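Going line by line, the protein sequences match chains H and C. Mapping of the first sequence onto our numbering: position 73 corresponds to residue 634, and the numbering continues sequentially without gaps. Mapping of the second sequence onto our numbering: position 173 corresponds to residue 183, and the numbering continues sequentially without gaps.
A couple of the hints might just be wrong.
Claimed, not checked - Here are the simulated lysine-lysine pairs, DSS-like style, with alpha carbons at most 25 Å apart:
no.	chain 1	residue 1	chain 2	residue 2
1	H	K868	C	K167
2	H	K994	H	K818
3	H	K592	C	K156
4	H	K868	C	K499
Claimed, not checked - Output of the computed footprint for chain H on chain C, the stretches with three or more beta carbons under 8 Å from beta carbons of chain H:
no.	region
5	111-118
6	407-416
7	471-482
By construction, these hints were calculated from the structure, which means they are not laboratory data. Only a predicted model underlies this, so the values are computations on that prediction, with no experimental measurement involved. Just so it is clear, CB atoms sit at the ideal spot from N, CA and C, and this is done for glycine as well.
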Amino acid sequence: MSLKKSAAWLVLAVLFCPQAGLNAQEQAPPKGLDFPLTQYTLKNGLHVILSEDESLPLVSVVVAYGVGPIREQPGKSGLAYLMETLMFQGSENISPMQHINYIQRIGGEFNANTAFDKSFFYQTVPSNQLALVLWLESDRMGSLSVTGVNVERAKETVMAEQRQRRSAEPYLDSYFLFDEILFPDFVYGHPLLGSEEDLRNITEEDVRSFYRTYYVPNNAVLCITGSLNVPRTKELIARYFETIPRGNDVPDLPASKPVEGSPIRDTELKESLAPSPAFHFGYRINHLQRGETYGLRILDILMFRGKGSRLYKRLVKKERIALYLSGGIEERRELRAFKVFTISNNPVMSDLCRKAIASEMGKLKTTLVSDAELAKAKDFFKMDYLGRLSTSLLRALFLSDASLSGNRLEDLAAEYAKYLKVTPVTIVSLANKLFTPENAFTLNLVTK
Amino acid sequence: MINPRRMDGMRIFFLACLCVLNFTLAAWSQERFRKSPPIPDPLQELKLPLIESATLSNGLTLAVARKSSSPLLSLQLVVLAGESDSRPDLPGAASLTANMIGRGTDLLSAGEIEQRIESFGGEFAASVSLDVTVFTFNVLEENLDKALEIFSTIVLKASFPEGQMDTVKRTAYYELFEREKDPEYVAKRQLFRMLFKGHPYQTSIFNEDVIKNVGRQDIVAFYDHFYRPNNALFVIAGNMNLSTASRKISHYFNTWTARRIDRSLLPSPPPNDKEQVAFIDLPQAKDATIFLGNVIFPATSSDYFPFIVLNQVLGGTMGSRLFMNLRESKGYASYAFSGADFFKSCGVFWVRAKVTPEVIRDSVQEILKEIGPAAVERVSSFEIEQAKSFLIGNFPLRNEPLTSFSLEVARIKAFNLGEDHWSKYYENIILVNLERVLATAQRFFQPRPVVVIVGNKNLVADYLREFDKVDIYDISGNQRSTINKGVEK
């Protein structure tokens, strides 16, 4: 499909969506979003997304499953992350680690990533090797080797990683604890890595059942971007994926229970092993309206993006009370949190950080953001958003993520325009609505 | 006579059989094609954008590589002076000069500059290697003029305010200090220190203690001497053609004045030819890190392509010989890879591995065996073809991100690598054969590499005694003692 044709196709698609149509008429899809898009679903439920880009002879293939820690049961935490390791331990026709060897031998690159509610498996290879990747991915979707030996080996690998990360990242456990404070429901708040005790308790049958339930075509998206011929690619997809049987219907997720307030808002972690005092600050954000996500993203940039962002400027540059600062909006399906983390030299500085953050959050509620500051945030947004589509792999990850999140890919250009329409009033209203004292939580780390 | 009714029945039966047979055949054939990897399609042609160049009136070289689909632009200003151009008594001067760019002009403070760059979402960074300094500016296409205006201002009107010197030096100090927690960094630095001993490249290898020696006047002198348009090149990657780029860069950089710079090509340092094993104590290290290597030719050499194919066979990936032997077969290492860094005057071939302390000596011996003449002579044509397949496949991947693409163009122009490393890359790899690989290996793999080991001395001391001689260095590269035949003095 030519670029011209695809741009027209995108515009046509948004015209059929009344709300988005208005935006599309006002603004043509910007460069970077005018790529071709083909979507269809196989009989077994596998959703396919294809997007061509002829600039280099390579293709990226992402297989994304709608599964992550959100699907784990109490006592079995870490199962989704364990599956990420197991997916490289071989399948019916591919022996352990052979997947990696096949990809590396042809100069390709591969990786996997487990997020809160999604798991991504991906590779970029020379375009003439597309069939190889489809062969590999379909084999592990259809016939993963789940054996006692494989499971035990993967458990050992994940537990070793847990130990290594805990010793290398002294603040890691405090992040997990703060997540549990902000997301008290186990389904939403337990850590991706799981606990060592839970991992030990995971059985071969647990793994098999998890795999059979969630790593099925009707819970997956296959996205291919790059130098591809659509009819030929469709043929290959049919050959490798069509005969994989559809799984049972994926169980509905338990509805998230909005947690209104909590008796304990400030927690102190005494005798922490962390080398310096640190401080977590956050707001719980329950069930945001769809239109409010645009303003929240821009607000996130205003507070955190760049050295001129509000919190960095105040805490690190001006008052020099934080040695380290990080944060942002975290999404866990319909639940969200606004999180700030600081490390300071001493407890006094840490307390000053708490006050400075509260003061900056207060300013958001009372003072309109200047046009210049808002324009800056929007330019950062454009850089980040278009940057996420700038290579074949990034684009494939972006599209598969958006698709599994239930977003209409045809509306990307219109969605993009909505971020650019955020006004100072949007920011003030959002801040007043979301950043209330009853939604605010802290976790203070006191060193030994 | 055939009963038509019966015939219908037979036909239905026949058709039904055919359907069942077809279905069975289909299922069977599907199972069959899953048994082995598919045959790849023919390799697609690689059409890289042309690198178009022009020289502006003040001597600034401009190179443009067009990527018309990109909404972002990557700009690189390359100054042809790096750490090896710092005075021998002032190591770090090149890095500090680069880090002071953007820290103030006569009219703008560091804060104002940062604010101006961020006001349109721009991203600015500086990096310094042995031979060159690179400033990178990533920007939305629509903000190009704003970017060029501030980019040219901070480079051409840099005022090096004294107040910012302390900040920059403190940051550089802590960055180096932090990096010294990484055993690989410590080991590689020591390897280079030993290989470049007595050569101007040695100036590039320094630790945080020397940063305090560089003063404002040293930085101003370095800037005045080397930051000249006739000693620089400007690379633009993105949706831009040469004529527009020439117009814009001329507009913003035309006040930059040229000056004669005598900067001759440094001779290559000689390869190490004596047995040298060095150890550095890093108390927090749990395993032992081995970094060994030797000096080879620069990337302009005709040996470059056979060499990178050979390197791929030896240690380029997890499927290469070193990894398969030291990790998969012997179980000594958590990883073992080889690679090379190429500079203007030479290259350095190296092997890095993380091993358990008990097998340090065995691991070093295995590595030396794997890169030694006997093993290299056993390289087969099949391995060569596999390595070529990797390199050809990986080339477009490496150059896909806009900044990597732009940096590669900058590297090719700065080191005068020419079309061999760009549009003729595929052909050059395809032309490599077993004979060429063996000839290259014979020339460059004979001398003994320098071996550096980094680990916790309490854990590894007993195993170091297994070597005939190990020189013990501190983290700054000063020799502290020697273990000779198991006895430390």
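Each hint, compared with the structure:
1. Taking the CA atoms of H:K868 and C:K167, the gap is about 22 Å. The hint holds against a cut of 25 Å.
2. Simply put, H:K994 and H:K818 have alpha-carbon atoms about 19 Å apart, close enough for the 25 Å limit, and the pair holds.
3. Our distance criterion of 25 Å between C-alpha atoms is met by H:K592 and C:K156, whose separation comes to about 19 Å.
4. Between the alpha carbons of H:K868 and C:K499 the distance comes to roughly 51 Å, so the proposed pair goes past 25 Å and is violated.
5. Only residues whose C-beta sits within less than 8 Å of a C-beta in chain H count toward coverage, and the region 111-118 of chain C has 0 of them, not enough to reach three; the restraint is violated.
6. With a cut-off of 8 Å between beta carbons, the region 407-416 of chain C has 5 residues touching chain H; three or more are needed, and the interface restraint holds.
7. With 0 residues carrying a beta carbon less than 8 Å from a beta carbon of chain H, the region 471-482 of chain C misses the three-residue requirement, and the given coverage is violated.
The structure shown violates the earlier hints numbered 4, 5 and 7.
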